[in-house]
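Asks: Read off the chains here:
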Amino acid sequence: MTETLSDTLLTQMITPPPSPTLRLDHVSAGYGELTAVSDVTLDIEANSVTALIGPSGCGKSTLLRSINRLHETIPGARVSGHITLDGDDLYGAEVDPVDVRARVGMVFQRANPFPTMSIRDNVLAGTGLRGKRLTRSQGDDLTEQSLRDVKLWDEVKDRLGKSGASLSGGQQQRLCIARAIAIQPEVLLMDEPCSALDPASTAAVENLMLALKTAYTLVVVTHNMAQAARVSDTTAFLSVTQPGRPGELIEAGPTKRIFNDPLRQATRDYIDGKFG
Amino acid sequence: MTRTSLAIPPLRPGRGARRADTVATIVMWACALIGAVPLVGLLWTTISRGLARLDVTFFTQSMRGVIGPGGGALHALMGTALITLAATVLAAPLGLITALWLVEEADRSSSPGVRRFGGTVRLVVDVMTGIPSIVAGLTVFALITLVAAPGTRSGIAGSLALAIIMVPVVARASEEVLVRVPEDLREGGLALGAARWRVVTKIVLPTARPGLVSAVVLGVSRVVGETAPLLLVAGFTDSMNYNLLSGRMASLPVYIYSQWQNKGVDAAAYNSRAWTAALVLVIFVLFFQVAARLIGRSRKETQK
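Those protein sequence lines, which keep their order, are chains Z and V. Numbering-wise (this note's numbering), the first sequence opens with residue -8 and increments by one. Numbering-wise (this note's numbering), the second sequence opens with residue -1 and increments by one.
Chain Z on its own, in the form it takes in the complex (with noise of 0.2 Å):
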């Protein structure tokens, strides 16, 4: 026992632990009366995959949205608590929503391309909406390199023009990740975004996951346990303990050791599939 906490301490003296990036701190969001998620603190490393995993209506996705700010766009809906990135305050009085979304990217469950865009106005779509003008090269280096970033550009560099939903749905999913980076966000936020791309795109995103996290803080919202194994460094699991009562987190830790050594009976019983 004595014999591991001085491997702990060690460890931390020789490699201090990264500063976490993103800390939500007794974070609780709903709608109106409801409440989906109710006092999660978590903090999450920089160039880091998180995985949050929960059964359905665990508030895992609302959590999400939460992080930039795009929960509060729906009527009714309400956040508290305090989210940090870099010790900046995303909810602060002065703060802009519109500026939280331009540090913390998103992803979407379903590839969600403009169809009057081409693929090139897709990937520059954010600098455009941020009311930024590029000159005709600048455009054409961040088209490339983002879309070189998600692994598309071989696939689309002879058809830039062409509309952004004549893509293959993994294609699409891609397009999407390339226009979320091209604004270079810190935090790229994730809603199950392989839950409908088939199992070769699957793998083609997870792998892009692992590599763009050598330049963003990543948080990955999944419903499937083996991709939260494969690409994520932290897992987060989320549930309801009782019906009726909001989403909580149950537990989070390195992904090793949440699927390996549970501390929590309902996370095992989540992961051995018993529940959920």
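Bear in mind the hints are in silico, worked out from the structure with no lab data behind them. Owing to the predicted nature of the structure, the values given are computational and were not obtained by experimental measurement. Backbone N, C-alpha and C define an ideal beta-carbon position, used for all residues, glycine too. There may be inaccurate statements among the hints.
[Said to hold, decoys possible] Here are some, though not all, of the chain Z residues that point toward chain V, as calculated from beta-carbon distances under 7 Å:
| # | residue |
| --- | --- |
| 1 | L61 |
| 2 | R92 |
| 3 | A93 |
| 4 | L120 |
| 5 | R121 |
| 6 | L125 |
[To be verified] Subject to a maximum C-alpha distance of 30 Å in a straight line, what follows is the list of computed DSBU-like cross-link-like pairs (lysine-lysine):
| # | chain 1 | residue 1 | chain 2 | residue 2 |
| --- | --- | --- | --- | --- |
| 7 | Z | K148 | V | K200 |
| 8 | Z | K153 | Z | K142 |
| 9 | Z | K142 | V | K200 |
| 10 | Z | K142 | Z | K204 |
| 11 | V | K200 | Z | K153 |
| 12 | Z | K123 | V | K200 |
Using the hints provided, position chain V relative to the given structure of chain Z.
Replies: Relative to chain Z, chain V alone:
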């Protein structure tokens, strides 16, 4: 073998059900045919009686100085074009902005008061779509009386009356188009750090554009055949009038009415002109309706 017992029993309806099916089929076909009779009759009458004067003169001459045969409806065609165009310029932006406000602002407001007010506006728009056109005409007549000599008639007054009828039609149709823009796209825009007005102008409006155009065209087709309000506030003339702001202005529906109502000695010539004008009007309305549908359809196809 046990195979027969596993077979699915035949799903053949009984004799009673089959007879009821036959009867229902006959009744529905009969209703559809009976419903089509007046329509086919109307088209047939209009075409057969209108073809006689569907000539070059009809489209190149007014009725100035014409007594008896000859003459045309150029002044009325021009009047309808000008009055409808001005009505569209007045009504389309108002209708579109109302719909935008309802869908993008009121429905998404966090304040229940604003959402309730949105509901009230919707109700008003719905009620206004049913407003009798003569009432719109009278309203404008009263308005004109306040600012000008009573009974002053002009093309723009007609446009105003038509605009009153058109606004709710355009608002209602555009609202339905805007509601159908997938929420995914709005969220996708917001998630890129876009301000809401930019999401509306750069994503929602371009996506909805074909539908919005067809909403406006639908509004045009709704008013292009209106007679009563124009008779009241735009009046009638036999001569060309290119000025919306002053003087009476003819229009196609009012032309039909006046040809039919004020027949000269050679009544047949007047009747014939009225039918031809009616035919042209039907073609106009048909054209706008078909255009509205085609534009709406091309949108669905591009979305695939």
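Asks: All the hints need checking, so say for each whether the structure fits it.
Replies: Hints and how they fare:
{"no.": "1", "hint": "L61", "verdict": "holds, 6 Å"}
{"no.": "2", "hint": "R92", "verdict": "holds, 4 Å"}
{"no.": "3", "hint": "A93", "verdict": "holds, 3 Å"}
{"no.": "4", "hint": "L120", "verdict": "holds, 3 Å"}
{"no.": "5", "hint": "R121", "verdict": "holds, 6 Å"}
{"no.": "6", "hint": "L125", "verdict": "violated, 15 Å"}
{"no.": "7", "hint": "Z/K148 - V/K200", "verdict": "holds, 24 Å"}
{"no.": "8", "hint": "Z/K153 - Z/K142", "verdict": "holds, 18 Å"}
{"no.": "9", "hint": "Z/K142 - V/K200", "verdict": "holds, 27 Å"}
{"no.": "10", "hint": "Z/K142 - Z/K204", "verdict": "holds, 15 Å"}
{"no.": "11", "hint": "V/K200 - Z/K153", "verdict": "holds, 18 Å"}
{"no.": "12", "hint": "Z/K123 - V/K200", "verdict": "holds, 13 Å"}
Violated hints amount to a single one, hint 6; each of the other numbered hints is respected by the structure.
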